[in-house]
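Place chain B on chain A using the hints.
Protein chains in written order, with the working numbering: chain A, 1 to 355; chain B, 1 to 245.
Source of the hints: derived by calculation from the structure; they are not laboratory data.
Note that the structure is a prediction, hence the values are computed from the model and not measured.
Misleading hints may appear alongside valid ones.
To be verified - Below, a list of computed lysine to any residue pairs in the SDA-like style, where the Cα atoms sit at most 20 Å apart:
no.	chain 1	residue 1	chain 2	residue 2
1	A	LYS25	A	SER8
2	A	LYS73	B	ASP154
3	A	LYS107	B	ILE205
4	B	LYS141	A	LEU136
5	A	LYS73	B	ALA158
6	A	LYS73	B	LEU35
7	A	LYS107	B	THR153
8	A	LYS105	B	GLN156
Claimed, not checked - Far from chain B by the CB rule (all over 12 Å, computed), these chain A residues:
no.	residue
9	GLY15
10	ASP111
11	ASN197
12	ASP322
13	ASP340
To be verified - Per label pair, the in silico range of CB-to-CB distance:
no.	chain 1	residue 1	chain 2	residue 2	range
14	A	ALA221	B	MET68	43 to 53 Å
15	A	GLY108	B	ILE44	30 to 40 Å
16	B	LEU47	A	LYS73	42 to 52 Å
17	B	LEU73	A	LYS73	25 to 35 Å
18	B	LEU32	A	LYS73	48 to 58 Å
19	A	SER28	B	ILE44	34 to 44 Å
20	B	GLY108	A	GLU54	42 to 52 Å
21	A	GLN66	B	GLN156	18 to 28 Å
22	A	ASN203	B	GLN156	31 to 41 Å
23	A	GLU213	B	GLY39	53 to 63 Å
24	A	ASP308	B	VAL206	50 to 60 Å
25	B	ALA230	A	ASN134	19 to 29 Å
The beta-carbon is built from N, C-alpha and C at its ideal position, and this holds for glycine as well.
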Amino acid sequence: MPFIETQSLYKEYSGRQVLKDINFKVQSGEIFVLVGPNGAGKTTLLRILDLLEEPSSGTVLFDGTQMNYNSAKHRLALRRRIGIVFQQTVLFNMSVFENVAYGLKVKGESDKSIKQRVKEALELVQLHGFEQKNALALSGGEAQRVALAQALVIEPELLLLDEPTANLDPRNVSIVEEALSRVNREKKTTMIMATHNMLQAENLAQRVAAFNEGRIERIGAFHEIFEAPSKFVVDFARLENVFSGVSRVTGEGTSIVDVGDGVQIETALEKTGNTTVFVRPEDIILSLNPIVSSARNSFEGRIVEVSDLRAIVRLRVKAGRDFTVQITKRSFNDMQLNIDSKVFLAFKASSVQTV
Amino acid sequence: MGLTMENISLELLLRALQPNFSFDSEVLNITLLSLKVSGTAVLIGALIGVPMGMVLGLRGFSGKQVLMRFIDLTLRSIINTFMGLPPVVVGLVVYLLLVGSGPLGPLGLLYSPTAMIITQLIMVIPIITGVTMSAVGSVEKAIREKALSLGATDRQAAWMVLREARMGMLTAIIVAFGAAVSEVGGIMITGGNIRWFTRTLTTAIVQEVNLGDFNKAITLGVILLSMAFAINLALTIIQLRGPKR
Chain A
1 MPFIETQSLY
11 KEYSGRQVLK
21 DINFKVQSGE
31 IFVLVGPNGA
41 GKTTLLRILD
51 LLEEPSSGTV
61 LFDGTQMNYN
71 SAKHRLALRR
81 RIGIVFQQTV
91 LFNMSVFENV
101 AYGLKVKGES
111 DKSIKQRVKE
121 ALELVQLHGF
131 EQKNALALSG
141 GEAQRVALAQ
151 ALVIEPELLL
161 LDEPTANLDP
171 RNVSIVEEAL
181 SRVNREKKTT
191 MIMATHNMLQ
201 AENLAQRVAA
211 FNEGRIERIG
221 AFHEIFEAPS
231 KFVVDFARLE
241 NVFSGVSRVT
251 GEGTSIVDVG
261 DGVQIETALE
271 KTGNTTVFVR
281 PEDIILSLNP
291 IVSSARNSFE
301 GRIVEVSDLR
311 AIVRLRVKAG
321 RDFTVQITKR
331 SFNDMQLNID
341 SKVFLAFKAS
351 SVQTV
Chain B
1 MGLTMENISL
11 ELLLRALQPN
21 FSFDSEVLNI
31 TLLSLKVSGT
41 AVLIGALIGV
51 PMGMVLGLRG
61 FSGKQVLMRF
71 IDLTLRSIIN
81 TFMGLPPVVV
91 GLVVYLLLVG
101 SGPLGPLGLL
111 YSPTAMIITQ
121 LIMVIPIITG
131 VTMSAVGSVE
141 KAIREKALSL
151 GATDRQAAWM
161 VLREARMGML
171 TAIIVAFGAA
181 VSEVGGIMIT
191 GGNIRWFTRT
201 LTTAIVQEVN
211 LGDFNKAITL
221 GVILLSMAFA
231 INLALTIIQL
241 RGPKR
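Chain B extracted, bound-state conformation:
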């Protein structure tokens, strides 16, 4: 039987999926770092992005003045643009800021998990803000007017809008985590893929493929895929449980 590419791939895949594949301490280290970097970025990102999305979604700036409306429009456009920010570009910018000769060079953060968290933070803030904003915006008018008509104060009505958008906020956080944990270009540049220090699942996969160790690459890929699956499963369950509007 000829050794075709398909045969090799299939064999490797089967080997990786065997229960006794080498789940050594390095793989564990890599997995935990992935979770730590992306988890921290999303946590901080949520603390910033959710309130920002709430304010924008509640049309906090939609005053009658032309200037306020212009600011609102500009902010929304910026967020929508940044939602699709290429991670590699973010990585590049953060690199230029943190590199020895850069403005933040003296902090000595380049090639550290902190640098990676900063990179992913910049990436997830627009995602969390944008998804929260649209979740709040989609129920804003109907819920606010309903609450006001039932005798709520402006503040009580705003609270009700946020409460009704809570599923959307959760979705924002999960989507952001999914994007962060599978991101590779940005953290490769700012983290440097240093073994036992800044190597994550995605950067390690790139490394192993480059070295030709497909077996290890596939093992890592399966772990990453399982993580992505778990995240999407959680998202789907939330969406199914949340009644439709």
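Pulled out of the complex, with its shape left as it was, chain A reads as follows:
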């Protein structure tokens, strides 16, 4: 019996359908990841699963029992078995300890047990020693880790995660991901997570549901979905640095794809004919001087766009074609980069993947 099952779930807001015929089953202990662009309906689905919203039609089965959205008692009982981490971190204006303890306190747990469990939860998100700090004085990453500890401390059977790492820097992302895999491994917690981050989906997910415009387009293992070439996968996944062109084999186990505008990308795959390839922004090395390295691909270009994402800076570099590159804020400052700075890009042939 699946732990969570949705049956033809629909949700409509003033005439606009945000969820259409959602059917899936999640087994106990599974990490099920929802991927898809903004507005695809992922958040709405998670809110319905947490009984914060009622579906327009259709049913949700939780551990074999149908979710009843109209009974306050039933909602409360279920919510105490479900944890959720929202994309926008919401914490209470009280200490970190009190924030994490809240879910246990409202259930009437004993002080002794609360103390012990809060301690464990904070250790899990690597925030021991933060107990007495005011939660609203924390950095974004620390705050989101407190939010995760709040959800984990109640030892939920189902953990819902709405882009839990969307606004975090890499260090905080890895702490959150580590905590999630550990909880899943040790406590067998079932997780349903919405994410934009394909790497995260690939690392954590046992199965992925590809969302697009309120529908689930496909469900399967990450590799099943992303190895099958399909244009919509690229569209909804919002992969960056996607280039199409004609590929030819070099005879050295690699191929060169001519993607136009004088740009030729070498990939560690042997392919001929029309090919679409992509490079993850984090796989591209950026330098101020041409570098001699083993990377088979190197280009010279200029920065045309800078977007600041707190600890991370995303750059758009025009090097024949436009490349999106991701570097830390610190590197960005150290290298004194700006719009129109001349830079060099390099990436390995093995970082180039085909769609």
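Relative to the frame of chain A, chain B by itself:
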């Protein structure tokens, strides 16, 4: 040197600011009455306005029924309108109620501190209700859902929303006091500005200016200004201490 208006004003101002200005018992009486009238109005206003703002902020009426939503909308609009109620108009209405031939005339309250408190009470209730309502409303959805998702009952979640809005409620009370203590038109009509009885800082300033005693008017003005400053200082400290959402 010609006696220009500026010279006169400057001289008067300097004189008023001298440490040995006449802080006589009448000035003390006036100041204390100002504090008493506005303080009482705000205290009673808070007892009524804060719970009302809480209920409205918690969307107590936002049921699914059209009628309930209509009532909610109407109440909110009325409060928002009344937040900017001209004190003179309030004074006029209270006067008409309390005047000898009016419906509450037999109570004999006109030209008394009680009449002034009633006037300011009517003025501050919408302010306290409105500011509380928006303070509660601004955290309502996020905090309620957060608490519910952590397994709180509806009641526990509502409590958490109110707790998180507490800074806003304090702000409401301080803003209301600031408005009340500096108000003049309403209490002039219902209090009558009677010496030693219903004369407050604001009504006394109007009186002294009319009589041409700028020296005294400025002294009173400085006291009122200091009071307003103290209130705003308190407000600023609260806002700085309360972490941002």
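> Among all the numbered hints in the text so far, which are the ones the structure does not match?
Replying inline: Result: hints 3, 6, 16, 19 and 20 break, sorted rising.
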